[in-house]
Amino acid sequence: MTAAIATEGLTKRYGHRGPHPPGAGGVIEALTDLSIEVREGEVFGFLGPNGSGKTTMIRLLLGYLHPSAGRARVLGLDTEHDGLAIRSRVGYLPGGIALYDTMNGLDLLDYLCRLYRRPPARRAALADRLEMSAATLRRPVRDYSRGMRQKMGVIQALQHDPELAILDEPTEGLDPLMQRAFYDILAELKHEGRTIFLSSHILSEVERVCDRVAIIRHGRLVALQEIGELLDSRKRHVEMRLTGPAPSLAGVPGVSGIHVTDGLVTCQLEGDVRPFLAAIDGAAIRDLTIEPAHLEEAFLEYYAEDLDLADASPGRAAGGGA
Amino acid sequence: MDRVLFIRTLQAQRSKLLIVAVALGIWGVLMPLIYAQLIDTPLGARFKEMIDSGLFPAQFAQFGGGNLFTLPGSIALGFIHPIFVAIVCVFAIGFTVAAVAGERQRGTLEVVLARPISRRKAYGSLLGATIVLVGLAILAMVAGTLASSAVFGKLDELDLGQVPLLWLNTVLLYIALGSVALAASVSFDRLAQALGITLGFALVSYFFQILGSLWPDAEPLQPFSLFHYLDPAAILDGTGDPFDLVLLALVTLLVVGWALVVFPRRDLAAPS
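From first to last, the protein sequence lines are chains G and H. Take 1 as the starting number for the first sequence in the working numbering and just add one per residue. Take 323 as the starting number for the second sequence in the working numbering and just add one per residue.
Hints should not be assumed to be uniformly reliable.
[Stated by the list, open to error] Using C-beta positions, here's what the derived DEER-type ranges look like:
| no. | chain 1 | residue 1 | chain 2 | residue 2 | range |
| --- | --- | --- | --- | --- | --- |
| 1 | H | D563 | G | G26 | 47 to 57 Å |
| 2 | G | H81 | H | I329 | 23 to 33 Å |
| 3 | H | D589 | G | D33 | 43 to 53 Å |
[To be verified] Which residues of chain G face chain H? A partial, calculated answer using Cβ under 8 Å:
| no. | residue |
| --- | --- |
| 4 | N104 |
| 5 | Y116 |
| 6 | R129 |
Derived from the structure by calculation, the hints contain no laboratory data. Think of the CB as a built atom: it goes at the ideal place given N, C-alpha and C, for glycine as much as any other residue.
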């Protein structure tokens, strides 16, 4: 199967001309040696805080930026040489999309679709899902709220039924109901075999909709895993209330951080749950809670260093670069 | 050139075109009207006596090579007057500077270039729109001038065969300025930078030409001005220099060529 997106050692430096080494005066390395592969038909999450290099990566894929080193292929085509062919098969939602305020919604969608030379095959369904009525679309864009602009952004990116959708912070400004509608749209696209590359810093969103996730930190890839695998490798928090003696959990595989107080046992559980369940079998348990692992914990683990620095010097923002 | 982008650009500018065309049409009407008043009325005759007496410097009535006391001279004056220059620059500089740098700053360029349009095609569409807009705006001025000359019965004082050449030379001058503006627009990330460079270039260029026409010692500066290569009085007299057209076309081609090389190679910064 061809990768929908494949990058090899993709690097982007700003503020220099010529092959100066990274770290030279005035050079900012927004993306460093990034190699990832997004499979066809998957929903791929690209995670990182603001300034970590997510948008730089997207701008490289779409040809707005030229790589300083490495290469990228989208739908099997080289981003440096086949930009037009790539963009004719891709739909893109920029973060914080800007629209032509003087046009009305329908004219704007027509115009942007005509530039693709493709019919707006999905427009009606998308407008319906996102509750953008014909009357709303006839209003000037300058009258739209932030949420409506974001809906317009989603429609313009997907209306021509692209093979690959690149979405930068797609639910920014959408209310919870519209977020849910958007997730349904993603599920539908995935069901129809479309590939979705979704950049976000909303962890619950990525956890909910993505098959795999890449975590980027200071422009470098720090993790690339299936969401399920990533969560499996995280520790779950266990709380057990007892009416009798506490079961012995010391030495049980995957169990750590055991605390026993009056009628209450708490611990961390990692990996396979079966040894833990076997260890508590027969214990006088009144209540048992195993909190599922969240992507947030994995994410925070990768960013622990930044958080430590931020704690050490208040006011300093994590991340840098693009 | 991308047809969809070209048409959309023209549509977006149509209100501005209408306003500028009306303003230039009125300006075009004004020059033959002033000439008719100076020639046909006692007040005009007294004014001519005053100028001829040497009370005012001769340059006052012959600003930039024009002449208030001949029809071709007054029309020429209209074509180099700062008011005319300022109005035409709405398109030649205002529109072109904002066309790329402004859209990039706002973020709308990102949405357009996410479509399968090469940067060269996008540039070609904007340049094409600039040519059409400048051409139509100056046509309105020419139409106003001819209509006014006809109304005041002065059309026979004009060699009508030279009028298309005057239109062409004027259009070429402002397209050259527009191409400089568009080149600045594709070269800078921020609108203010592109606008500053272009306005600076246009103002210095205009200043050199006018200074040279008012002060003989400054004449050597004139060839460095793009405005030097539009001599409406000479064109209407039938003594225009074809080199002016060639030079303006060459400047345009050079600047366009430079922009076509630079624009596709540039990194497009994220919108601010």
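Holds or violated: G:Y116 as interface residue toward chain H, Cβ cutoff 8 Å?
-> Interface hint status for G:Y116: holds (6 Å vs cutoff 8 Å).
Taking the closest Cβ pair, is G:N104 under 8 Å from chain H?
-> violated, 13 Å
Quick one: are G:H81 and H:I329 within 23 to 33 Å, going by C-beta?
-> holds, 29 Å
With 43 to 53 Å as the target window, see if H:D589 and G:D33 comply at their CB atoms.
-> Because 19 Å falls outside the window, the suggested range is violated.
Could you see if the CB distance from H:D563 to G:G26 stays within 47 to 57 Å?
-> Cβ of H:D563 to Cβ of G:G26: about 49 Å, so the range 47 to 57 Å holds.
Go through the hint on G:R129 and say holds or violated, using the shortest Cβ distance to chain H against 8 Å.
-> violated, 21 Å
When the structure is compared with the earlier hints, violations turn up for hints 3, 4, 6 and for no others.
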